[in-house]
Amino acid sequence: MKKSTKIARIPKAGRPRKTEEKKNIFYTKTGLDGDFVDTISDHCYMFLLNKGGASVNDVYEYVRESGISTVDIKKEEILSLLNRLVFNGSAECSVVKSTNGSLYTSKIFKPSKMVAQTNPLSLVPCGNCPFLSICSPQNVSCNPRNCKYFSELLTFDVEELSPALSQSN
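If you count the sequence shown from 1, you need to add 48 to reach my numbering.
The hints are simulated quantities; they were obtained by calculation from the structure and are not laboratory data.
Hints should not be assumed to be uniformly reliable.
[Claimed, not checked] Derived lysine-lysine pairs resembling DSS-like cross-links, with alpha carbons at most 27 Å apart:
no.: 1; residue 1: K122; residue 2: K99
no.: 2; residue 1: K99; residue 2: K196
no.: 3; residue 1: K155; residue 2: K77
no.: 4; residue 1: K77; residue 2: K158
no.: 5; residue 1: K196; residue 2: K145
no.: 6; residue 1: K145; residue 2: K122
no.: 7; residue 1: K161; residue 2: K77
no.: 8; residue 1: K161; residue 2: K123
no.: 9; residue 1: K145; residue 2: K77
no.: 10; residue 1: K123; residue 2: K77
no.: 11; residue 1: K155; residue 2: K99
no.: 12; residue 1: K145; residue 2: K158
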């Protein structure tokens, strides 16, 4: 009698993991929802401007209570948007220690006082992308080939960059 061998089914390499896509609210079935990211980021920035500074919890509560989003946003996603503002030069982050002597620290985000200077490396969108952790060539919905921000960089006019390059020398 012949013994049958079972072969385990291996998923295709290009197929994105469903759990990764569900974790990030900034993506739809068709890819990155840049308008949604920009809208929430703008609201976070305006909140920082109005308050003069705030913790991640403060911004999270504001976004949740304001109703600007119909989907549930996690604190981690607000933190990634605040980090995006820091990387863009729109905000600054400082770590504040607890006053009662405990080891607790908190990040406070404030609107930036200085205007960020443009240099060639600051124009690369991957450095401040909130989706960098799930972006890969194998991921169908989030990869450099279909990245809105990366394609904008590739069509960037070098003449626009020339004044910034001459200032840095």
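Each hint, compared with the structure:
1. Distance hint between K122 and K99 is fulfilled; the C-alpha atoms sit about 21 Å from each other, no more than 27 Å.
2. Proposed proximity of K99 and K196 is contradicted: the alpha carbons are some 32 Å apart, above 27 Å.
3. Distance restraint check for K155 and K77: the Cα-Cα separation of roughly 33 Å exceeds the 27 Å cut-off, and the hinted pair is therefore not satisfied.
4. Pair hint K77 plus K158 does not hold up; C-alpha atoms about 34 Å apart against a cutoff of 27 Å.
5. With a C-alpha separation of about 38 Å, the suggested pair K196 and K145 falls outside the 27 Å cut-off, and the hint is violated.
6. Among the hinted pairs, K145 with K122 is consistent with the structure: their alpha-carbon atoms are about 24 Å apart, no more than 27 Å.
7. As the CA atoms of K161 and K77 are separated by approximately 38 Å, the hinted pair breaks the 27 Å bound.
8. As the CA atoms of K161 and K123 are separated by approximately 25 Å, the hinted pair is consistent with the 27 Å bound.
9. This hinted pair does not check out: K145 and K77 have alpha carbons roughly 41 Å apart, beyond 27 Å.
10. Between K123 and K77 the alpha-carbon distance is near 23 Å, which keeps this suggested pair within the 27 Å criterion.
11. Distance check on the hinted pair: K155 and K99 sit about 15 Å apart at the alpha-carbon level, within 27 Å; holds.
12. With a CA separation close to 16 Å, the supplied pair K145 and K158 stays within the 27 Å bound.
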